[in-house]
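Dock chain A against the given chain F, drawing on the hints supplied.
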Amino acid sequence: MWEQIRSNRRRGAFVLAGMGVLLVLIGMAVAGLFTQDPGGLVVGGAGALLLWLFLWMVTVSKGDDIMLHMAGAREIEHAHHPVLFNLVEEMTIASALPKRPRVFVVDDPSPNAFAVGRDPQKASVAVTTGLLRILDRDELQGVVAHELGHIKNRDVALLTTAGVMMGAIVMLAEVGLRAMWYTGGGRRSRSSNDQGGAQAAIMIGALVLLILAPILAQLMYFALSRRREYLADASGAMFTRYPEGLASALEKLGGGRAAPLSDTSRVTAPMYIVAPLRKARGGGASLFSTHPPLEERVRILRSMGGMADFGAYDRAFRNTKGRRVVGLHTLEETTAVPARDAGESGAGDADEGGLFGTGGMLGAVEPAPSAAGARGAQPPPLPPESLRARAASDAFLQASGYAMRTCEDCGATVKVPPSLQERVTSCPRCNGRLRS
Amino acid sequence: MGIAIGIGALVLIALYFIGIYNSLVRARNEARNGWSQIDVQLKRRHDLIPNLVETVKGYAAHEKDTLEAVISARTAAVAAKTPGEAGKAEGLLGAALGNLFALSERYPDLKANQNFLSLQEELASTENRIGFARQAYNDAATRYNNKREVFPANLISGGFEKAELFEIEIAAEREVPKVEF
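So the protein lines, in turn, are chains F and A. Just add 227 to the spot in the first sequence (first one is 1) and you have this note's numbering. Just add 483 to the spot in the second sequence (first one is 1) and you have this note's numbering.
Mixed in with the good hints, there may be bad ones.
The calculated lysine-lysine pairs, modelled on BS3-like cross-linking and capped at a C-alpha distance of 27 Å, are [stated by the list, open to error]:
| id | chain 1 | residue 1 | chain 2 | residue 2 |
| --- | --- | --- | --- | --- |
| 1 | F | 642 | A | 594 |
| 2 | A | 630 | A | 645 |
| 3 | F | 326 | A | 526 |
| 4 | A | 630 | F | 326 |
| 5 | A | 526 | A | 645 |
Simulated restraints on C-beta separations [said to hold, decoys possible]:
| id | chain 1 | residue 1 | chain 2 | residue 2 | range |
| --- | --- | --- | --- | --- | --- |
| 6 | A | 597 | F | 658 | 19 to 25 Å |
| 7 | A | 485 | F | 450 | 48 to 54 Å |
| 8 | F | 327 | A | 648 | 21 to 27 Å |
| 9 | F | 292 | A | 498 | 39 to 45 Å |
| 10 | A | 567 | F | 237 | 41 to 47 Å |
| 11 | F | 651 | A | 561 | 44 to 50 Å |
| 12 | F | 306 | A | 648 | 35 to 41 Å |
| 13 | A | 492 | F | 438 | 51 to 57 Å |
| 14 | F | 306 | A | 495 | 55 to 61 Å |
| 15 | A | 567 | F | 285 | 54 to 60 Å |
| 16 | A | 645 | F | 550 | 35 to 41 Å |
Residues from chain A that face chain F, not an exhaustive set, calculated with beta carbons under 8 Å [claimed, not checked]:
| id | residue |
| --- | --- |
| 17 | 517 |
| 18 | 520 |
| 19 | 601 |
| 20 | 611 |
| 21 | 612 |
| 22 | 615 |
| 23 | 618 |
| 24 | 619 |
| 25 | 623 |
Simulated from the structure, these hints should not be mistaken for laboratory data. If you're wondering where the values come from, they're calculated on a predicted model, not measured in any experiment. Beta carbons: idealized from backbone N, C-alpha and C, even for Gly.
Isolated chain F, as found in the complex (with noise of 0.2 Å):
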């Protein structure tokens, strides 16, 4: 575990030292609209990476709980929901964590997932009301799985740090661009012939620069975050031993084309599970966005041999896509690991069964794995404060249309949307009747 962050570290830095070299560029293209004084351009140069600098620490002094409370989370007990609060403990545990993240809830149907935290002392979880709606144990584990990845892999820090870099070179670029607009004809003008030559050149130079620099650091980001994406989900598979409780949860996030999450920026998206943005959501493998399609991390996952340790994401990354995604130093450093089999509870190696041979225990005992958790088990009583916010979300969804039976056997609330409202006529807890 500790060599895979080693080796991703590297190439981290190499990404992030490609951007730093872009951005003193393009700094010195800026300097070199107003002077041709080679003192001038390394001011340029400098001036851009105190830029940087200055955004970096802004984003930094901003801090997680800012974001967290930009999407809206709040922070639950384990009272609220103990199944997600236990996933949590289990992954904390399985990733070797040092300490449980704090874990967030955001009341938003739309589901999705993200981690915030440079540190992983200080690090938080939030999922979404919706995901919890429609994923069962198995599958909530391999998300939170994937979330706690990203925080053992530090994506946090290297993806906010590229990502305000990104964003000054886009910056930079902008304020070039428009400065040569508006005055690049008169300063020509003013000018002698023979400088004229030289001064042209140099203007054409940085005028490719001001063009093909902000293209080049997006593409450099976006790679390295959908990298850092495959690499969560190996995380994922690895952790919970399970891949396909991951491979499923994403497939289901895929059929669910609920409204893009508000309140979502750039620098953030990329720590969500699946891309919160609407521009991003459209599929597809395109160059300019921050997460892989769905369709291919699940496939990855799914064809991963019944192992489940980063050597078999390897090699099912390169039967997919044709080349590496896991660094060789880690590969070296990993042994192979089965994945456990859908039936069995808890985790260990699947040919061993739980800890003292008590696995599947639990999973005997209901007909699913997962029954025991999301789907089956009822949560103690509910404290005030999430009475109110479900009755809050209940509102939400009523006003979109979908309708609220109550089951005549169980009792239970079915809150059904409107494209289903015709299908669904029985209870999906115990096949009761439903009345409206």
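Chain A alone, transformed into the frame defined by chain F:
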């Protein structure tokens, strides 16, 4: 001049070995920490059981044998001293709990009881945590063992004992009967 170079080289070598020593200590602590996680989760399981037994009693008091088996298995597991003893006792406890949950299938009221359901979730999660803790411990122990055996760390790793991997050794314990419905 030659002496200075010699001393410099010695200092570098000493620093190198200090680095190796420290990384061995770190790896050993990681493994120990992984082990303590298993203990924490086993204790959590012990703490949950009295509550579970009380809840089940309310609905199925006459299932004395099963309930008593769980209680005595828990007592034995709490009292276990060595890892070997603990392994055996926890195995029996797991089997007894399995019987208890299987029994609950016959009592619909019990199965619908909020308290029972949340205890079931807590125990299922504890079971998972024990498994994941074992998984993490074995990973850390393997890393530590590799570290202390490779050259040149093996020159100074005499004081570092090899960490035992956590495996299930007794065949009977692997074969807890699965209850199918």
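Okay, the hints, checked on the actual structure:
Between the alpha carbons of residue 642(F) and residue 594(A) the distance comes to roughly 24 Å, so the proposed pair stays at or under 27 Å and holds. For the given pair, residue 630(A) sits about 10 Å from residue 645(A) by alpha-carbon distance, which is consistent with the 27 Å threshold. Using a Cα cut-off of 27 Å, the hinted pair residue 326(F) and residue 526(A) holds, with the two alpha carbons roughly 19 Å apart. The suggested pairing of residue 630(A) with residue 326(F) holds, with an alpha-carbon distance near 25 Å, which does not exceed 27 Å.
At roughly 26 Å between alpha-carbon atoms, residue 526(A) and residue 645(A) fall within 27 Å of each other, so this suggested pair holds. At roughly 21 Å, the beta carbons of residue 597(A) and residue 658(F) sit within the given window of 19 to 25 Å. In this structure the hint that residue 485(A) and residue 450(F) lie 48 to 54 Å apart at CB holds, the actual value being about 53 Å. Checked against the hint of 21 to 27 Å, the pair residue 327(F) and residue 648(A) passes, with Cβ atoms roughly 26 Å apart.
In this structure, residue 292(F) and residue 498(A) meet the distance hint of 39 to 45 Å, their C-beta atoms being roughly 41 Å apart. A beta carbon spacing of about 43 Å between residue 567(A) and residue 237(F) agrees with the range 41 to 47 Å that was offered as a hint. About 49 Å separates the C-beta atoms of residue 651(F) and residue 561(A), a value consistent with the hinted range of 44 to 50 Å. Evaluation of the 35 to 41 Å hint for residue 306(F) and residue 648(A) yields a pass: the beta carbon distance comes to about 37 Å.
Separated by about 54 Å at the C-beta atoms, residue 492(A) and residue 438(F) satisfy the suggested range of 51 to 57 Å. For residue 306(F) and residue 495(A), the Cβ-Cβ distance of about 57 Å falls inside the hinted range of 55 to 61 Å, so the restraint holds. The given range of 54 to 60 Å is respected by residue 567(A) and residue 285(F), whose C-beta atoms sit roughly 58 Å from each other. Here the CB-CB span from residue 645(A) to residue 550(F) is close to 39 Å, well matched to the stated 35 to 41 Å.
Checking residue 517(A) against chain F: minimum C-beta separation of about 7 Å stays under 8 Å; hint holds. Look at residue 520(A): its Cβ gets to within about 6 Å of chain F, closer than 8 Å, so that hint holds up. Evaluation of the residue 601(A) hint against chain F yields a held restraint, the C-beta minimum of about 5 Å falling below 8 Å. Annotation: residue 611(A) was flagged as interfacial toward chain F, and the flag holds, the nearest CB pair being 5 Å apart, inside 8 Å.
The criterion of a C-beta within 8 Å of any C-beta in chain F is met by residue 612(A), whose closest approach is roughly 5 Å, and the hint holds. With 8 Å as the threshold, the beta carbon of residue 615(A) comes within range of chain F, its nearest partner Cβ sitting at about 4 Å, so the hint holds. Of the supplied interface hints, the one on residue 618(A) holds, with its beta-carbon coming within about 5 Å of a beta-carbon of chain F, less than 8 Å. Below 8 Å, beta-carbon pairs count as interface contacts, and residue 619(A) has one with chain F at about 5 Å; its hint therefore holds.
Residue-level restraint check for residue 623(A) holds (minimum Cβ-Cβ distance to chain F is 7 Å; threshold 8 Å).
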